[in-house]
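Peer 1: Sequence:
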Amino acid sequence: MRWDELDQQSCSIARTLAVIGDRWTLMILRDCFLGVRRFDVFEQRLGITRHVLSNRLRKLVEYDILKKVAYQQRPLREEYRLTECGLDLHSVVLALVSWGDKHMADERGAPLLHRHKACGHIMHPVTVCSECAEAVTARDIEVEIGPKWIGNDEVSI
Numbered sequence: 105m106r107w108d109e110l111d112q113q114s115c116s117i118a119r120t121l122a123v124i125g126d127r128w129t130l131m132i133l134r135d136c137f138l139g140v141r142r143f144d145v146f147e148q149r150l151g152i153t154r155h156v157l158s159n160r161l162r163k164l165v166e167y168d169i170l171k172k173v174a175y176q177q178r179p180l181r182e183e184y185r186l187t188e189c190g191l192d193l194h195s196v197v198l199a200l201v202s203w204g205d206k207h208m209a210d211e212r213g214a215p216l217l218h219r220h221k222a223c224g225h226i227m228h229p230v231t232v233c234s235e236c237a238e239a240v241t242a243r244d245i246e247v248e249i250g251p252k253w254i255g256n257d258e259v260s261i
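The opening residue of the sequence shown carries number 105 in the working numbering; numbering runs sequentially from there.
Don't read these hints as lab results, they were simulated from the structure. A couple of the hints might just be wrong.
Pairwise CB distance ranges (calculated) [what the hints assert, rightly or not]: (1) Asp244 with Gln176: 48 to 54 Å; (2) Glu109 with Arg181: 35 to 41 Å; (3) Glu238 with Glu188: 24 to 30 Å; (4) His155 with Gly213: 34 to 40 Å; (5) Asn159 with Glu238: 39 to 45 Å; (6) Asp244 with Ala214: 22 to 28 Å; (7) Arg162 with Met227: 31 to 37 Å; (8) Ala239 with Val145: 32 to 38 Å; (9) Gly213 with Asp135: 19 to 25 Å; (10) His155 with Cys115: 25 to 31 Å.
Taking lysine-lysine pairs in the DSS-like style, the calculated list, with each CA pair at most 30 Å apart, reads [as the list claims (entries may be wrong)]: (11) Lys206 with Lys221; (12) Lys221 with Lys171; (13) Lys221 with Lys172.
Built from N, CA and C at the ideal position, the CB exists for glycine as well.
Starting from the given sequences, assemble the full structure and let the hints guide the process.
Peer 2: Here it is in structure tokens:
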């Protein structure tokens, strides 16, 4: 499987990685969830070249993860805002943060804490079953081929 052909795979992870699977894109998404919206702020915070940043932002707009919104008319200036599609990536980013806090943090622990606005507690993400709301881990799940994919040679378990 070639990196530039990931978007053509039947695997949902491969197709997703084709859009958000490089380090700069994930760092841009991190900053979006921290409230960054403007090109120059992304550039300053990330230390990324203008060319690479421009390419990553253009791809995120192309896939409707971000949208450009004018914040000034003369001269025209635009910022990048998360779309509904982009907001749906929050659980992915939060899961990566949680894994990093657990396995990559130094002796000081997590650099940022996440407080649930509704109850006021510091929280950690938990994956739950959409049907019964029970917490699930990798050991609690089995995988099946989707009904519209049965008999398709592209999909294997």
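Peer 1: The structure should be examined with respect to each hint, and the outcome stated for every one.
Peer 2: Verification of the supplied hints:
{"no.": "1", "hint": "Asp244 with Gln176: 48 to 54 Å", "in the structure": "50 Å, holds"}
{"no.": "2", "hint": "Glu109 with Arg181: 35 to 41 Å", "in the structure": "37 Å, holds"}
{"no.": "3", "hint": "Glu238 with Glu188: 24 to 30 Å", "in the structure": "27 Å, holds"}
{"no.": "4", "hint": "His155 with Gly213: 34 to 40 Å", "in the structure": "36 Å, holds"}
{"no.": "5", "hint": "Asn159 with Glu238: 39 to 45 Å", "in the structure": "42 Å, holds"}
{"no.": "6", "hint": "Asp244 with Ala214: 22 to 28 Å", "in the structure": "25 Å, holds"}
{"no.": "7", "hint": "Arg162 with Met227: 31 to 37 Å", "in the structure": "34 Å, holds"}
{"no.": "8", "hint": "Ala239 with Val145: 32 to 38 Å", "in the structure": "37 Å, holds"}
{"no.": "9", "hint": "Gly213 with Asp135: 19 to 25 Å", "in the structure": "21 Å, holds"}
{"no.": "10", "hint": "His155 with Cys115: 25 to 31 Å", "in the structure": "30 Å, holds"}
{"no.": "11", "hint": "Lys206 with Lys221", "in the structure": "22 Å, holds"}
{"no.": "12", "hint": "Lys221 with Lys171", "in the structure": "26 Å, holds"}
{"no.": "13", "hint": "Lys221 with Lys172", "in the structure": "28 Å, holds"}
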